[in-house]
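Peer 1: Protein chains in written order, with my numbering: chain A, 8 to 492; chain B, 8 to 492; chain C, 8 to 492.
Treat the hints as calculated values from the structure; they're not laboratory data.
Possibly wrong hints are sitting among the right ones.
[Said to hold, decoys possible] Derived PhoX-like pairs: lysine-lysine, alpha-carbon spacing no greater than 25 Å straight-line: (1) C:180 <-> C:491; (2) A:491 <-> C:491; (3) C:491 <-> B:124; (4) A:124 <-> B:491; (5) C:167 <-> C:27; (6) B:180 <-> B:491; (7) B:183 <-> B:167; (8) A:224 <-> A:293; (9) A:491 <-> A:180.
[Unchecked claim] So the derived list for chain A, only partly shown, Cβ under 10 Å to chain C, looks like this: (10) 33; (11) 335; (12) 390; (13) 473; (14) 474.
By construction, the Cβ of each residue, glycine as well, lies at the ideal position given by its N, Cα and C atoms.
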Amino acid sequence: MSQSTAHSPSLAQAEGLAQKSLAADPDRLLPADPGTRAIARDLLARVEDLPIISPHGHVEASMLELDTPFPDPATLLVTPDHYVTRLIHASGVPLERLRMGGTAVVEPRETWREFAKAWPLFDGTASGYWMRDSFEHVFGLTREVNAENADALFDELDAKLKSPAFRPRQLFKDFKIEVLATTDDPLDDLASHAAIASDPTFAGRVLPTFRPDAYIKFAAAGWAGRVQQLIETAGDGLDGYAGYIRAMENRRQYFVEHGAVSSDHGARTAQTLRLDESAATALFDKARRGEATAQDADVFEAHMMYQMARMAVSDGLVMTIHPGVFRNHHTDSFNKFGADTGHDIPFAVSYTEALRPMLEDFGTAPGFHFIPFTIDETVFSREIAPLAGFYPSVFIGAPWWFLDAPDAMLRFRSAVTETAGFSRSSGFIDDTRAFCSIPARHNTSRRIEASFLARVVAERRVSEARAHDIIVDIVDAAPRRAFKL
Amino acid sequence: MSQSTAHSPSLAQAEGLAQKSLAADPDRLLPADPGTRAIARDLLARVEDLPIISPHGHVEASMLELDTPFPDPATLLVTPDHYVTRLIHASGVPLERLRMGGTAVVEPRETWREFAKAWPLFDGTASGYWMRDSFEHVFGLTREVNAENADALFDELDAKLKSPAFRPRQLFKDFKIEVLATTDDPLDDLASHAAIASDPTFAGRVLPTFRPDAYIKFAAAGWAGRVQQLIETAGDGLDGYAGYIRAMENRRQYFVEHGAVSSDHGARTAQTLRLDESAATALFDKARRGEATAQDADVFEAHMMYQMARMAVSDGLVMTIHPGVFRNHHTDSFNKFGADTGHDIPFAVSYTEALRPMLEDFGTAPGFHFIPFTIDETVFSREIAPLAGFYPSVFIGAPWWFLDAPDAMLRFRSAVTETAGFSRSSGFIDDTRAFCSIPARHNTSRRIEASFLARVVAERRVSEARAHDIIVDIVDAAPRRAFKL
Amino acid sequence: MSQSTAHSPSLAQAEGLAQKSLAADPDRLLPADPGTRAIARDLLARVEDLPIISPHGHVEASMLELDTPFPDPATLLVTPDHYVTRLIHASGVPLERLRMGGTAVVEPRETWREFAKAWPLFDGTASGYWMRDSFEHVFGLTREVNAENADALFDELDAKLKSPAFRPRQLFKDFKIEVLATTDDPLDDLASHAAIASDPTFAGRVLPTFRPDAYIKFAAAGWAGRVQQLIETAGDGLDGYAGYIRAMENRRQYFVEHGAVSSDHGARTAQTLRLDESAATALFDKARRGEATAQDADVFEAHMMYQMARMAVSDGLVMTIHPGVFRNHHTDSFNKFGADTGHDIPFAVSYTEALRPMLEDFGTAPGFHFIPFTIDETVFSREIAPLAGFYPSVFIGAPWWFLDAPDAMLRFRSAVTETAGFSRSSGFIDDTRAFCSIPARHNTSRRIEASFLARVVAERRVSEARAHDIIVDIVDAAPRRAFKL
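Based on the provided sequences and hints, a complete structural model is requested.
Peer 2: See below:
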């Protein structure tokens, strides 16, 4: 037994920690092997306190402009987070009880109770890590989340959220965020971004991102009206397809002038295509007449991905794509609760042939940066790492959405590093609208990068000295390099 | 050197175990890292002796009804187990020598000798683990399996198999099986199940499973005659497609009344489709005239998967599917030895779009349980976990067939947990006709669940207290919940 | 702290090694867990010094026949190695500066400087491991590679490469190469191979490999002329398709007589197809008229894969395929620098249905050996291991190209072993034209095989005694068995 104890540091440690929360454990998410863990600790120490660079996400600029106080805990932390609501829904709770899609059949406190009851479901999930970390490190909760504590926690959080210490600008500062990108409609006037930029009392950079999906996808609700408005607003008097392209160019330029560094595209697939102008015009006109088929929409979207790359070569915006998601899988839920309500489901995608028309023409264009994300893990080793290991324009998008979690991140590094090394990736992307989870997400990523590097150091593949440089490069230099910050 | 020994507990241990078999090692299949292993031991202790719940498998109910003595070791353990025969065949032994497909060109003892000679091929395979465990823990063998020992082992096993201690009912009790599901033809009268259920001397539950593949696949040998018989037997006097659907409903009901909790479907793909009645009738009639194409068969099968889900919503049977297998890949072997002879080979499948027609209509239907299995691992993180993390009806099928093995199980948990947590999976499925391997299979699964959980505990992602609850939930509550036991 | 140190051997070790290079570390690439590492060391010791068997690669036989001195370091180690040049290119260096495609806009020394500057990019990559190992163990470099050392290292290497100790034949002997296969054009007269075979002063076996891609792919540049020459040279006076098939058979026979053991095929996909003679003839004639479509080319290639298997059954050549690579992805680079310049990019492939026509007819043919390679990892567990676990003719191709790296090799063993055990794989393939990297590549493979086996021993899945046999079988017997050496 004494021998067994001697060889059981983790267990011994675990016993010592019986009263401590996981979030309080300085070794959380680090590898179990003691030697590897020691290396990981050392690597983590070099980056844990670096500022946060968030070049892609979904926080609203107006929230930071106006320093709007946050709402109650359920409305802040549960209802808008489809990572969280989806798993509660899977356990049998109707989305109405989570006040989704503007429903208000129950009070926020009732929604919070549902969350507290469902909390054990989140063990082992990415959302679970982030929330646990935020509860402890952002909100300073000391009680466990459970059905019994639900009301007390709601009240404690609610009180904190009403205090000045929990206003967005204060948290932005406390979180040490240096850059935060938002995601914006091409016709957004970016007034909030301008106000923030010219506000001497606010030190951080809040950058817009050009997201034209709803102007490109024929099937998007309101496409025709939106396109009409785009052409009228920014088409330089041109009409039809020519005005549409011109307006896209002009609005991208407007975004550049307001600090944007990237455009973002949720295309259905990774397909790119170079149509000649007459073919593109014909498709565009067909769609405006309401006659386009689903295949027409795919072809036009592929063509517009090519066009976006062409524009990027000249205006310098970094181009990010994240294809391969079946949006709004459950129509009934979509009709009742709207988009982004937890039933966007990935499917298999391919990049090698799909991206070729675009990479043929722009893959080696000076200054062009293209970042493919995926939630189909199979393409990491097969397609994306090989592409990024040749084309100077291609940077490997960090694990995203369902893959933005410890094990998936470790699989990602294992899949891409042996082909493309450590220099070709985008850096961490939090992609979140959950502002309060931002530090937890970046911290998770830093711990996992330290864990992966610690393993390759422990396995004598990379020297400790180089690992020291590499982790700083991954965490800090990579996003600045990929996103031109 | 002393330092090296001090840091080499596994090796030290291994030396101490030199005389012990692997199956005797209490730490078999547990993680190598001493700290993690200690946690795994502790977790395993909480579930190792729980009763066996086997909600899907291929044991014959009549064997338990009649308590039929087992045949000789080759006929019991080698010939019917296509996991075993396939690898012997790959090494160059003709299937005739394994007495497959009713061939009897050699004596069982000769087949056993082939197995003993081939035994080293099974190192590292799932079948190897199970057989080694069964040999030691079920049959109490102490000698190594090898060509020299073959005859002696045959005789030793044969003698044991003739003894009362090795009759099916005694083993059922010794194995601590609480529930065992069989797989049955829709027209089976389920007399064996009824006899067992009404036998006060037999404590276990033996449940039928409704498996209508041969009545749905146009290309199944004898489809037309079988369908005719189905309609006549249970069609309530209706004819054609209407009688066919009615008969399916009636036979499902008959199964429910005899204790069935699930229907099982080996569809070619995961496709579901809602045809209107006239289209379905037309296809059905075309097939009865012998004119259906392969594509017609696929469309009708997709439609029937939709229909089975519809029926499940009303009769409550859990619906399990396991698509993506090319059956009888080698026609010559199929012609000589029949189906299930080792050349069913997986191919890529997709679920996200394929299941949508069915999930659109029934995905949130109260009480509906749908369990997709796969042997295409790529869908675990990409499709199945995301689906099960939203739809209350979808439970993630445990790793199945070629994936029912330690490393594959670990990859499975790593792939699904971060998206769907621990609450959305089906629980372990042994899916076996090899009755004597059942304890080894469940024990393997429990050891691997303990190993995965021990790692996330050691990496400080899940607390030890929660892991204690989770492992009991995974092993015991999950199959009861998913299969409504 | 003392406890933490006691459990941190890796870190302690790492500190002790601060002055040592990674390549000098006897534990390089071995697992971090001390117990597992000790087992791995022991396993590695059994195979580390075994002779090298290289049944597939791209070294030129004439180099060994003539014992040609190597050129300068850049021309030897950088310019021709597209693993190396691709990552330098991705970092922004034009391929001209690497003297690719016959360009000589800079001196070799300048190319070497680019390489030295880019060296940190290779941390964590397969190429990085091999080069570091070669620098230390083949060239005896003691200085680090970096921009400052670039010229000195160039001079040091250049001097060594001019010395007799670095002539190909001496290195062949020093590397302990027993068998080395080259890759050859079907019309090659194999004079170099004959000269080597009849040279009593050269002990190794240098075997040709029949690689007819350029005679099968309609779209290959110069296909028609090449085919005409093939028919005239070896068609026994027959013309057209009949002469073509006869010539293939004759040239295969010529290769067999010159020691060849295998044919190798870079088909676009894994598709096989049995066309009747008139259909094949029609396609062939269409292609000779320059009228074939891309689909015609695919069909004919699939047919020829079937034909190659048919010929293999009678002449005994082992058949290897490696489909699933989009060759020359970036046309502009191809036009300027030619093929094999770093932009061959993998895509998804499937084998189960594609190989069926061929396996139906030849899968159990006595003596037929078929080795599918892949760089789409998803097929390892899903398709290739299941196929090789049934068909005696199918051997699992070792991880190849982008997958020929430590983590990918570990994933490979994890993916295939539980289904097919350790006996069904091809043995390691270095597939390289970088002669000086051959020992490093084989050593890497041996270390990883030891690491994988050590883990399954440490996890008490395979006994240490069996692991001792298995590693020798994997490293030494497997390639001899699969390639009939």
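Peer 1: All hints, please: hold or fail.
Peer 2: These are the hints, each one checked on the structure:
1. C:180 <-> C:491: holds, 23 Å
2. A:491 <-> C:491: violated, 55 Å
3. C:491 <-> B:124: Between residue 491 (chain C) and residue 124 (chain B) the Cα gap is close to 22 Å, so the pair holds against 25 Å.
4. A:124 <-> B:491: With a Cα-Cα distance of about 22 Å, the restraint between residue 124 (chain A) and residue 491 (chain B) holds, given a limit of 25 Å.
5. C:167 <-> C:27: holds, 23 Å
6. B:180 <-> B:491: holds, 23 Å
7. B:183 <-> B:167: Holds. Residue 183 (chain B) to residue 167 (chain B) sits at ~20 Å (cutoff 25 Å).
8. A:224 <-> A:293: holds, 13 Å
9. A:491 <-> A:180: Given that 25 Å is the threshold and the Cα spacing comes to 23 Å, the pair holds.
10. 33: Violated - the Cβ of residue 33 (chain A) stays beyond 10 Å from chain C, reaching only about 12 Å at its closest.
11. 335: Since chain C brings no Cβ nearer than about 26 Å to residue 335 (chain A), farther than 10 Å, the hint is violated.
12. 390: Constraint on residue 390 (chain A) satisfied, holds at 6 Å.
13. 473: Hint holds; residue 473 (chain A) Cβ to chain C Cβ min 5 Å, cut 10 Å.
14. 474: Holds: closest Cβ of chain C sits about 8 Å from residue 474 (chain A), inside 10 Å.
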